[in-house]
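Spelled out, the chains give:
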Amino acid sequence: MRSPISSSPSHPFSPSSQIITLLTDFGSADYFVASMKGVILSINAQARIVDITHEIPPQDIPAAAFTLLATYKAFPRQTIHVAVVDPGVGSRRRPILLSASDQFFVGPDNGIFSYILDRESHARVFEITNESYFRKPISPTFHGRDLFAPVAAALSSGLAPESFGREIQDCVRLAPLKPEKLAGGKIRARIIHIDRFGNCVTNLTPAELGSEVIGNGAALEIGRRRIKTIRRFFSEETGSGAEVFAIWGSAGFLEIAAMNQSAAKILKARPGQTVFLLGDNV
Amino acid sequence: MRSPISSSPSHPFSPSSQIITLLTDFGSADYFVASMKGVILSINAQARIVDITHEIPPQDIPAAAFTLLATYKAFPRQTIHVAVVDPGVGSRRRPILLSASDQFFVGPDNGIFSYILDRESHARVFEITNESYFRKPISPTFHGRDLFAPVAAALSSGLAPESFGREIQDCVRLAPLKPEKLAGGKIRARIIHIDRFGNCVTNLTPAELGSEVIGNGAALEIGRRRIKTIRRFFSEETGSGAEVFAIWGSAGFLEIAAMNQSAAKILKARPGQTVFLLGDNV
Amino acid sequence: MRSPISSSPSHPFSPSSQIITLLTDFGSADYFVASMKGVILSINAQARIVDITHEIPPQDIPAAAFTLLATYKAFPRQTIHVAVVDPGVGSRRRPILLSASDQFFVGPDNGIFSYILDRESHARVFEITNESYFRKPISPTFHGRDLFAPVAAALSSGLAPESFGREIQDCVRLAPLKPEKLAGGKIRARIIHIDRFGNCVTNLTPAELGSEVIGNGAALEIGRRRIKTIRRFFSEETGSGAEVFAIWGSAGFLEIAAMNQSAAKILKARPGQTVFLLGDNV
Chain X
2 MRSPISSSPS HPFSPSSQII TLLTDFGSAD YFVASMKGVI LSINAQARIV DITHEIPPQD
62 IPAAAFTLLA TYKAFPRQTI HVAVVDPGVG SRRRPILLSA SDQFFVGPDN GIFSYILDRE
122 SHARVFEITN ESYFRKPISP TFHGRDLFAP VAAALSSGLA PESFGREIQD CVRLAPLKPE
182 KLAGGKIRAR IIHIDRFGNC VTNLTPAELG SEVIGNGAAL EIGRRRIKTI RRFFSEETGS
242 GAEVFAIWGS AGFLEIAAMN QSAAKILKAR PGQTVFLLGD NV
Chain Z
2 MRSPISSSPS HPFSPSSQII TLLTDFGSAD YFVASMKGVI LSINAQARIV DITHEIPPQD
62 IPAAAFTLLA TYKAFPRQTI HVAVVDPGVG SRRRPILLSA SDQFFVGPDN GIFSYILDRE
122 SHARVFEITN ESYFRKPISP TFHGRDLFAP VAAALSSGLA PESFGREIQD CVRLAPLKPE
182 KLAGGKIRAR IIHIDRFGNC VTNLTPAELG SEVIGNGAAL EIGRRRIKTI RRFFSEETGS
242 GAEVFAIWGS AGFLEIAAMN QSAAKILKAR PGQTVFLLGD NV
Chain W
2 MRSPISSSPS HPFSPSSQII TLLTDFGSAD YFVASMKGVI LSINAQARIV DITHEIPPQD
62 IPAAAFTLLA TYKAFPRQTI HVAVVDPGVG SRRRPILLSA SDQFFVGPDN GIFSYILDRE
122 SHARVFEITN ESYFRKPISP TFHGRDLFAP VAAALSSGLA PESFGREIQD CVRLAPLKPE
182 KLAGGKIRAR IIHIDRFGNC VTNLTPAELG SEVIGNGAAL EIGRRRIKTI RRFFSEETGS
242 GAEVFAIWGS AGFLEIAAMN QSAAKILKAR PGQTVFLLGD NV
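Chains as they are written, first to last, in my numbering: chain X, 2 to 283; chain Z, 2 to 283; chain W, 2 to 283.
Be aware that a few hints might be false.
[Claimed, not checked] Label pairs and their computed distance ranges (CB to CB):
| no. | chain 1 | residue 1 | chain 2 | residue 2 | range |
| --- | --- | --- | --- | --- | --- |
| 1 | Z | T275 | X | E244 | 31 to 41 Å |
| 2 | W | Q60 | X | R189 | 49 to 59 Å |
| 3 | Z | R167 | W | P58 | 17 to 27 Å |
| 4 | W | K229 | X | R226 | 54 to 64 Å |
| 5 | W | S92 | X | G186 | 33 to 43 Å |
What the hints contain is simulated information worked out from the structure, not anything from laboratory work.
Nothing here was measured: the structure is a model prediction, and the numbers come from that model.
We put the CB at the ideal spot given by N, CA and C, even for glycine.
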């Protein structure tokens, strides 16, 4: 098989040790992830591949969007993130490429980069249409290997985002990451992720809580339950004996947790569920 | 511990950034896989190690053979694939080394490379007997660390396959990968793999289906069931409403699948089961 | 975010391709492990990161200590092992750094390096107090990313252990690795680990068994059961028909195993349980 890329003299590839991360719902039992890595290394032998995770629940785009949001800032400039949770593979959904925060993001246009776009106001989005960078023949069920991996590898060799297609403004978005200010100082937030320990990650950040710290009169309301305790770390002794408490998570969001238990189970919480932040006078 | 390898002046090792893949049934919870990586990096610090998977069902040689077949072509020339699913470890089964398709394959002689041999007619097979490349003392239960990993690392440093032992012709084989042509245009195929979604991968390739495309009169027969629908991708709307359908999988084989369900469960299918391809006049 | 490290001219970092291993109980579904890798590569882009495992049972320090013990010798000189099983994160438990066996070990002071200290009599231990190497702001719940990863990355760039804090002598230890000699030649050992197949790893090594080989009159006693059969490898035919047998494991310890079954289940064994080695005259 002659590579469609090495045969293209107008696009000389220079190997670089750029980092390419992979985030998928492929699991680690099958040949899928390794095939993507092989394709990347066939194009850029010096690429440094890092797995974010392959255990995103099948087709759970919001979980993928959250996980990417929680980790991209830890990576250096020029990192290329490939995210493939792609229920629409083979259909008309567009493949896209983002340039944001001095990094790149490659994947399907289905909302998976929504939270990056919410955070990074200078982001640019490109539709990937230049088939000369695809693996041939392209499988209609495996764009991870045949489209996203070779595009990322080509990008890691120094190509500009414009090489892959035209800039677009209308990509698919999830509900906004930012909580909504209501009348009377009340704030409507939501659970954006429930992790495997049952911790419920809200979209509340220090920007919303300001001086109005929980426990100092303010509270979270989820369903019929009010949460008034905030802890600094899990093993902290607060004396409050609260079963369920709020804690600043390491992704920068307020989380609802329980000691050695699943807060999600106790609260019967689900992703997307509304959480109100109440001021001390509500 | 003085390395038996660095003390061998007649085999000067030059570090190279060759890719070494690992495919095992060791799981990822124990120290097994990391030990293999440590041994490889102790011998060739520049080796680039890529996991194919460590979640092969325990001792399932055909699953390992299929997974390797499905991914090796994605890797560049000179890649060294180490495959260790090895129920006979410590007994008299032979360790072998293949040179095929400009790549190398290292593992036990139990059929694990059978499908590579079916595909690559110019393959050469060597029995690994040169103990000077083994880690000492060799554990009778962990040849992955003490035999296959150091041999792969030595190979990655530029040694010829002949350095490890003599060429052999009689290695262990699974049932042939190629379907069997019967009288009257009927073809006897089989399920070579069932993936974790319950998709049943057959050994039928475009070579067998030619112009005789399923849906155009031809059909698959498994047990008492006939399958006449073929889809291009999973989310395709065919209007046929068929519960179970055929689809070209990304490994290049015809698969039997069901939308959001396990085809294997619906069909009570099992690995190795016969599937007939019927022409339009059968 | 300006790195606190690159802004420190008195500590010039030189990228090096040193190996950094990671051992945690974080699982592979979340953003935790990838965040640690991103932080490491942001500081030392040339570091070679190897996962030991992230599937240590949550908060199981002895399992982490065993896994590290079983694999560190496979890695080359100068390898840096980062081990984070850390129920006390955010509290007053100390972060420490070991220099032992020409390698480094970074993690919490909770016994996780206990078996390395038992094995390596020349080990030196340092308390990590120099906050200039930490990521800021440091999350009280994620020292893996904000403290241990950046310290390991700084160490991989050639810093001396003394740069991170003062040497200490009083670090936390698990029960000693060495079995206890009792009167009459009896030896009191214990189960230090039960692997996922149910094999029970004891702390007995060839040093304790000497010429007094099991089967040659000697036996193991666990609960009310005596084990008199020792095998060389799993598929060995011994003719003894023993359901449960002893076997030298690849980590260098005597293990209690059962053919295609969980010895732990048969014996109702638990980690830490006492096992006696009886001479032929007991």
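Going down the list of hints, with the structure as the test:
no.: 1; hint: Z:T275 / X:E244: 31 to 41 Å; verdict: violated, 57 Å
no.: 2; hint: W:Q60 / X:R189: 49 to 59 Å; verdict: violated, 36 Å
no.: 3; hint: Z:R167 / W:P58: 17 to 27 Å; verdict: violated, 46 Å
no.: 4; hint: W:K229 / X:R226: 54 to 64 Å; verdict: holds, 60 Å
no.: 5; hint: W:S92 / X:G186: 33 to 43 Å; verdict: holds, 34 Å
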